[in-house]
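Asks: The chain contents come next:
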Amino acid sequence: MASKDEILAGLAEIVNEETGLETEAVQLDKSFTDDLDIDSISMMTIVVNAEEKFDVTIPDEEVKNLKTVEDAVNFIDNAQA
Amino acid sequence: MATIKQNTPNAHSKILGMGAYRPSVTVTNDDVCKWIESSDEWIVKRTGIHTRKRAPKEVSVLEMAEHAAREALENAGLTGEQLSTIIVSTVTFPYMTPSLAAKLADRIGATPAAAYDVSAACAGYCYGIAQADALVRSGAATNVLVIGAEKLSDVIDNGERSISFLLGDGAGAAVIGPSDEPGIGPSVWGSDGSKWDAIRMTHPLTDILTVEQGGERTFSKDLTDPETGEMRPDATLWPTLRQDGQTVFRWASWEGARVAQEALDAAGLAPEELAAFVPHQANMRIIDQMAKVLKLPESVIIARDIADAGNTSAASIPLATHRLLAEHPELSGKPSLQIGFGAGLVYGAQVVLLP
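Protein chains in written order, with the working numbering: chain A, 312 to 392; chain B, 211 to 565.
Each hint should be verified, as a subset may be incorrect.
Result set (DSSO-like, lysine-lysine): computed pairs, CA atoms no more than 27 Å apart in a straight line [to be verified]: (1) B/Lys-502 / A/Lys-364; (2) A/Lys-341 / A/Lys-378; (3) A/Lys-375 / B/Lys-431; (4) A/Lys-375 / B/Lys-502; (5) B/Lys-267 / B/Lys-215; (6) A/Lys-375 / A/Lys-341; (7) A/Lys-364 / B/Lys-544; (8) A/Lys-378 / B/Lys-255; (9) A/Lys-375 / B/Lys-405; (10) B/Lys-255 / B/Lys-502; (11) A/Lys-341 / A/Lys-315; (12) A/Lys-341 / B/Lys-255; (13) B/Lys-255 / A/Lys-375; (14) B/Lys-431 / B/Lys-244; (15) A/Lys-364 / B/Lys-405; (16) B/Lys-405 / A/Lys-378; (17) A/Lys-378 / B/Lys-431.
Pairwise CB distance ranges, derived in the manner of DEER restraints [as the list claims (entries may be wrong)]: (18) B/Thr-420 / A/Lys-375: 27 to 37 Å; (19) A/Lys-375 / B/Thr-416: 57 to 67 Å; (20) A/Gln-338 / B/Trp-448: 40 to 50 Å; (21) B/Asp-402 / A/Gln-338: 29 to 39 Å; (22) A/Asn-327 / B/Arg-371: 23 to 33 Å; (23) B/Arg-427 / A/Pro-370: 27 to 37 Å; (24) B/Asp-402 / A/Ala-320: 28 to 38 Å.
From the derived model, a few chain B residues whose C-beta atoms are all more than 10 Å from chain A [to be verified]: (25) Gly-455; (26) Arg-460; (27) Ala-480.
Since the hints were made in silico from the structure, they are not lab data. Values in this document were obtained by computation on a predicted structure and should not be read as measured data. Just so you know, even glycine gets a beta-carbon here, dropped at the ideal spot from N, CA and C.
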């Protein structure tokens with residue numbers, strides 16, 4: 312099971328692969344849409360890749376609640392438990 | 211005991227010829243931006259669509275289907291009277307009954323061919339190919355005309371931003387007949403009605419009747435103001451299309467790729483043996499994602515007709531295939547993987563040898 316730091320690092324890699332953003336830019340307080348300029352389609356790609364990487368399920372209706380990187384890290388952390 | 215005689219089956223089936231009809235009106239992203247707050251850059255980035263083709267008021271979905279049918283027959287070297295069956299996939303023929311197919315059969319000289327419409331939205335062409343293949347091989351049909359024809363501009367609301375700006379009109383056709391060699395692989399097709407609402411009409415047609423009789427309309431979240439919950443003043447009585455874009459993107463890109471892989475495996479081919487990949491032209495981002503998940507080699511030509519045709523639902527695969535054949539004549543006789551997916555949700559895929 313991945314720690315929160317490992318989840319953040321893993322998410323940063325996924326975001327980097329999808330958008331080309333530097334992994335350092337993916338910080339807990341960043342908003343996916345406002346700060347990282349990630350659109351709804353890219354967000355879905357990130358979600359599916361995160362599901363595979365961390366072996367969790369992130370339902371469609373949950374995605375809209377993942378506004379910041381921290382929201383996503385916390386959701387994945389809880390879902391792993 | 212009496213023995214019931216059976217049809218004489220055919221060993222295999224194949225596509226003999228294809229046809230297409232692209233309507234005359236070009237709708238640009240700048241046109242779209244007069245209706246919704248957006249920009250050419252935003253639309254291209256999220257959908258890959260630069261323009262879409264739409265039919266003028268006087269051109270019906272039946273006429274578009276007829277144009278495509280006549281070209282497919284000519285390319286197959288057949289006449290209408292040599293068709294035993296006509297299958298039309300459409301969700302935009304403005305009569306619940308009788309079918310577009312029966313009218314079309316008469317127009318192209320195919321009467322008394324068996325004729326019926328299929329309601330499988332964007333998977334409809336692949337559903338039609340699945341049926342045509344089975345009918346020909348079983349001996350229940352000789353030559354089958356399969357058409358995807360849509361005038362989606364009749365069921366859109368230019369002021370909403372979930373799906374209307376993606377959509378275009380058009381028709382594509384294929385004639386399927388008996389063959390000595392396998393020309394159509396096993397079809398992988400199915401449905402997931404748990405996502406029935408993911409692509410939908412705003413409300414049922416019976417709402418129009420209710421209102422005419424002085425009654426209340428069905429409450430539809432698609433027609434209400436999200437702030438107030440009240441019916442929008444511009445909400446039309448005529449039902450129009452909506453979709454949950456993220457849900458559809460996720461389902462189409464990953465589940466769709468799984469279905470396409472199954473169809474490829476069922477045909478016993480490796481990705482590098484494919485010459486072309488023709489997914490339903492829903493969104494360039496879905497096409498790219500599917501190709502990535504399928505790990506298609508660069509040698510496979512991927513249909514990207516959506517860039518200037520828009521999403522034409524059941525017509526998109528035959529339109530895109532028709533274009534590939536015009537631009538790459540060397541694809542004739544080579545295997546193409548096609549997959550349709552859409553409202554239902556439904557999906558259908560198979561490998562076909564291009565005519």
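Asks: Of the numbered hints stated earlier in the document, which are not met by this structure?
Replies: 5, 7, 19, 25, 26
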